[in-house]
Amino acid sequence: MVVNLWRFRGLIVRNALHELRTRYAGSVGGYLWNVLVPLAQIIVFSTVFSVLMRQRLEERQIPGLASHLAFVVYLCSGLLPWNAFADTLARGVGSLVGHAGYLKKLPIPEQVFVTTDAAAGFFSALLSMGLFGVVAVLLGYGPYAEWLQALPALGLFIAFALGLGLLLSCVNVFFRDVQPLMNVVLLLWFWLTPVVYLESIFDVPGLERLRWLLTFNPAYPFIRCFHVSIFEHAIVPVGTWVACALWTLAANAAGYAALRRLRGEIRDAL
Amino acid sequence: MSEAKVQVERLTKRFRMYARPAARLAEWLSFGAVTRHTLFTALEDVSFSMKSGEFFGVIGPNGSGKSTLLKILTRVMFPTSGSFRIEGRVTSLLELGTGFSPELSGRANIAKSARLLGFDEAYVRTRQEEMIAFADIHAYIDQPIKFYSSGMLVRLAFAIFAHVEPDVFIIDEALSVGDVYFAQKCFQRIDQMRARGCTVLFVSHDLGAIRKYCDQALYLHHGRPRFLGDARAATDVYLEAMSPGGAARNLAPREAAADVGGAAVAPGSAAPGATGSAAMLERCTAMRSELPARLADVFDESALARVAAFVGGRIGTGAVEIVAVRVSAADGAPREHFGRDERFVVDVLARVRDNVERATVSLQVTNRLGVVVWGTNQHLLQRRTIRLRAGTWSHARFVVGPGLGVDEHTLDVGFGDATGEGHVFDRLTAVARVQVLAEGAADFVGAARLPCECDVSAYEPRPAAAALSAASSAPNR
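Chains as they are written, first to last, in this note's numbering: chain A, 1 to 270; chain B, 1 to 477.
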């Protein structure tokens, strides 16, 4: 199955880039929207949360950076990868149904389409995180060699989304409920993951009993990678990498198992 | 090159049909303990093999499983059971232009199609100029294809598929979109490919093309193989079964007799809907026994069944009621396909309910495009009308042609009032079919033959003018 992906690599990369180019086709902003949307999101979140969260952040001063800017760095280092993850997953779930026209006529393996969406998500995240890096340096933060760890972390995170997306897109062919359901789950998942708030929120009396949620949150080790490498510019512990790799492996194993089980019927049901 | 390039064994495809998505959920959640689906068999027990360089045809009415078979062979669908083996690379015109993006240029679309088909782009690039030359769209190749005509699109698509050197090439109806010259070019190209060992699977409603090009053919009916063998024999069986009386005829014990010289296929498979038509057939048999002996000789059950089972357009007062229509060859054999140089005979039988002083019977031929090619009536032909007495039978016979062009035609027959008031007593639209195949000598092209004479004369130029101009040599009459 992976051999098939290699055979269609040209298609995957070209279509992913094409997708980014045409996502905002017909708009005046065009390509710029790939940057403007996350930027606007960051501004809103940082404005809201730097007011609410200032107290906590002062414990974690970044030398030479105003504390509200420190929060923006924290926010971006988690939010941008999360956006890429959520976007990839949401698109991945609808991928097979969305490409029914191709699937019904061409012998292209199913996973090619989900992988194309993942590749588009990866490229888009590279773009926004690169931009974020430039802005951070301009603001006087970094650059640090530890930031480079974000690259493999992003790769793993997107690959995790790909595995989940493959699994759910197969099911979505038969039950179209999966797609709307996934949007709800993603929203809940987002607020259960320390992206816009600090992990230290679980130190607050009363909330500490919820800390176990992090242990079972597959997205947590990934987000942790980004926080450590970008915000703390420290070395990501091996245990975190292992957790990420395991989740990625498990998701892809489940995805391919589902595809293997269902592929006989997928094109019939489309 | 081995013997069999394509080997298909007992291929069966059944679709699971669920009344509601929830029914499927129930099955999933019970891990298969409950069954909530019904099976629809699209293809059943199909086996055949194709040799290297062979041209193999697949025919059958709509819904007979042709597309399902092609989808399985191109690996777009997975069979429920059975297996197939294809040596080498398969490309299919089934996906003709599927991956085309309207905004991209012809050249960019060639590259994109190559990617979609899983071909190496560099390899396709080396063949690109050949493709463009074949498609004959040099001037437009760098324009977005949204400006292309549909003919140009088909040419481009065919050019791509024909130049990636497949080992097995699957062509479906799509090829009939282009103009006739391009179609000829395509078949020439296919011949070249065959010479190099490419095997061709051709699915078409164009029985003429099947007969002309195919070595062997498979006739599918409701997913089952009805006939496998010589292409000409396969089309004959198909044409006979497709005639409206054919299905009824096939119920008779002689159904299996159709398998002349072909490999044995699904023995004893009765035509579908057999229970429904059996009762009707019985009625027709009863009706036939009421007919005067001479009429019973002409009109068999199928001719009666054709009208009894007719569900198409029918108007009229009913003063005269058409009960049977039969199409046959000049020798009396029931047949609906003819060569260009053959006559065909249409017999119409009507029961007269009321006395009619001046009646006429009409016949009209309409081609596939819905154009009335020709029509006449007994009044026009003989300049007299007929008088019908209540309680009698009226039998009209038209002997037509030759002169119809190559096409599929439908026949309208009717009894009407010839007094000028124009009452229609009974008129059946498209009650029978006449197909003219591209066989036999013909002195015309087009929809129909017209009486024509043509003289050609040669003239010498005037001695003085000869030196000045050779162009004035045209005859001047």
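Please keep in mind that the hints were generated in silico from the structure rather than gathered at the bench.
Just so you know, even glycine gets a beta-carbon here, dropped at the ideal spot from N, CA and C.
Mixed in with the good hints, there may be bad ones.
Here chain B is said to cover these stretches of chain A; the calculated rule only asks that three of the stretch's residues, wherever they fall, bring their Cβ under 8 Å from a Cβ of chain B [what the hints assert, rightly or not]:
no.: 1; stretch: 126-140
no.: 2; stretch: 184-194
no.: 3; stretch: 216-222
Just some of the chain B residues that point at chain A, by a computed CB distance under 7 Å [claimed, not checked]:
no.: 4; residue: F15
no.: 5; residue: P21
no.: 6; residue: R24
no.: 7; residue: R75
no.: 8; residue: V76
no.: 9; residue: S81
no.: 10; residue: R115
no.: 11; residue: L116
no.: 12; residue: G118
no.: 13; residue: E121
no.: 14; residue: Y123
no.: 15; residue: V124
no.: 16; residue: T126
Hints, verified against the model:
1. 126-140: violated (count 0)
2. 184-194: violated (count 0)
3. 216-222: violated (count 0)
4. F15: Hint holds; F15 of chain B Cβ to chain A Cβ min 5 Å, cut 7 Å.
5. P21: Holds: closest Cβ of chain A sits about 6 Å from P21 of chain B, inside 7 Å.
6. R24: Since the shortest Cβ distance to chain A is 6 Å, the answer is holds.
7. R75: holds, 4 Å
8. V76: With a minimum Cβ separation of about 5 Å from chain A (threshold 7 Å), the hint on V76 of chain B holds.
9. S81: At 11 Å from the nearest chain A Cβ, S81 of chain B fails the 7 Å test, so the hint is violated.
10. R115: holds, 4 Å
11. L116: holds, 6 Å
12. G118: At about 5 Å, which falls below the 7 Å cut-off, the nearest Cβ of chain A leaves the hint on G118 of chain B intact, so it holds.
13. E121: Constraint on E121 of chain B satisfied, holds at 6 Å.
14. Y123: violated, 12 Å
15. V124: violated, 11 Å
16. T126: Since chain A brings no Cβ nearer than about 16 Å to T126 of chain B, farther than 7 Å, the hint is violated.
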